[in-house]
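Each chain, letter by letter, is given below.
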Amino acid sequence: GQQVMQIPQYQHVQEGEDFTTYCNSSTTLSNIQWYKQRPGGHPVFLIQLVKSGEVKKQKRLTFQFGEAKKNSSLHITATQTTDVGTYFCAGTGTASKLTFGTGTRLQVTL
Amino acid sequence: NAGVTQTPKFRILKIGQSMTLQCAQDMNHNYMYWYRQDPGMGLKLIYYSVGAGITDKGEVPNGYNVSRSTTEDFPLRLELAAPSQTSVYFCASRGQGAGEPQHFGDGTRLSIL
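From first to last, the protein sequence lines are chains A and B.
Numbered per this note's numbering, the first sequence spans residues 1 to 110.
Numbered per this note's numbering, the second sequence spans residues 111 to 223.
Do not take every clue at face value.
What the hints assert, rightly or not - Straight-line distance between alpha carbons at most 25 Å, and here's what the computed SDA-like set of lysine to any residue pairs gives:
| id | chain 1 | residue 1 | chain 2 | residue 2 |
| --- | --- | --- | --- | --- |
| 1 | A | 97 | B | 173 |
| 2 | B | 119 | B | 209 |
| 3 | B | 154 | A | 50 |
| 4 | A | 97 | B | 205 |
| 5 | B | 154 | A | 59 |
| 6 | B | 154 | B | 166 |
| 7 | A | 56 | B | 167 |
| 8 | B | 119 | B | 207 |
| 9 | A | 97 | B | 192 |
| 10 | A | 70 | A | 81 |
| 11 | B | 119 | A | 26 |
| 12 | B | 119 | B | 189 |
| 13 | B | 167 | A | 26 |
Worth flagging that the hints you see were computed from the coordinates, not collected in a lab.
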């Protein structure tokens with residue numbers, strides 16, 4: 001079945017440093033979504049990418065969808081303590097099923 | 111709008127007991143999902159439904175049952191609770207299009223002792 005892996009599993013940065021998480025699918029995706037889960041909270045939808053090579057920005061967050069539509073990345077510029085949480089990618093593959101990635105937990109300290 | 115509402119928020123069960131986790135959404139979404147999330151881990155799909163009267167197994171359905179008699183409600187039943195079912199359970203719903211985002215409830219934190 002479809003598998004979606006994310007690296008790294010965990011990253012600890014100091015406030016102001018940049019952060020990137022990578023998402024890789026075993027199959028070609030029709031779209032990819034990104035979610036953020038704060039500690040103790042539930043996943044919250046951030047954005048969706050559909051086109052090959054697509055790049056979208058939300059303030060300090062930059063999302064990319066690979067040319068082959070099998071990978072994606074989320075880059076945060078100048079992290080803040082409010083960025084703490086786990087970031088999940090989720091890809092729609094065959095049979096229109098959404099598969100969540102394994103997640104990257106981000107810790108930010110002052 | 112309340113969105114996706116899950117009850118209860120917390121529950122402790124003894125081994126072998128049964129219970130139903132409730133999930134209701136007021137967005138008229140056809141698609142609904144149940145996930146479990148073990149500590150520090152990702153989301154595993156238990157069951158999903160594409161509309162009233164239609165349910166299907168996800169990745170980890172053993173030990174659980176669901177029903178979908180209305181568009182709004184999608185309860186998850188645990189029969190003969192086991193310690194391995196200790197987890198946080200999230201219900202989610204989404205609209206009709208394949209790319210529609212999933213909206214999650216606040217979760218039910220379940221401990222089996």
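Going down the list of hints, with the structure as the test:
1. A:97 <-> B:173: holds (22 Å)
2. B:119 <-> B:209: violated (29 Å)
3. B:154 <-> A:50: holds (24 Å)
4. A:97 <-> B:205: Given that 25 Å is the threshold and the Cα spacing comes to 14 Å, the pair holds.
5. B:154 <-> A:59: Given pair residue 154 of chain B, residue 59 of chain A is violated - Cα atoms ~30 Å apart, limit 25 Å.
6. B:154 <-> B:166: holds (14 Å)
7. A:56 <-> B:167: violated (34 Å)
8. B:119 <-> B:207: violated (30 Å)
9. A:97 <-> B:192: violated (29 Å)
10. A:70 <-> A:81: violated (30 Å)
11. B:119 <-> A:26: It is violated: about 35 Å lies between the C-alpha atoms, which goes past 25 Å.
12. B:119 <-> B:189: Holds - the C-alpha atoms of residue 189 of chain B and residue 119 of chain B are around 19 Å apart, at most 25 Å.
13. B:167 <-> A:26: holds (21 Å)
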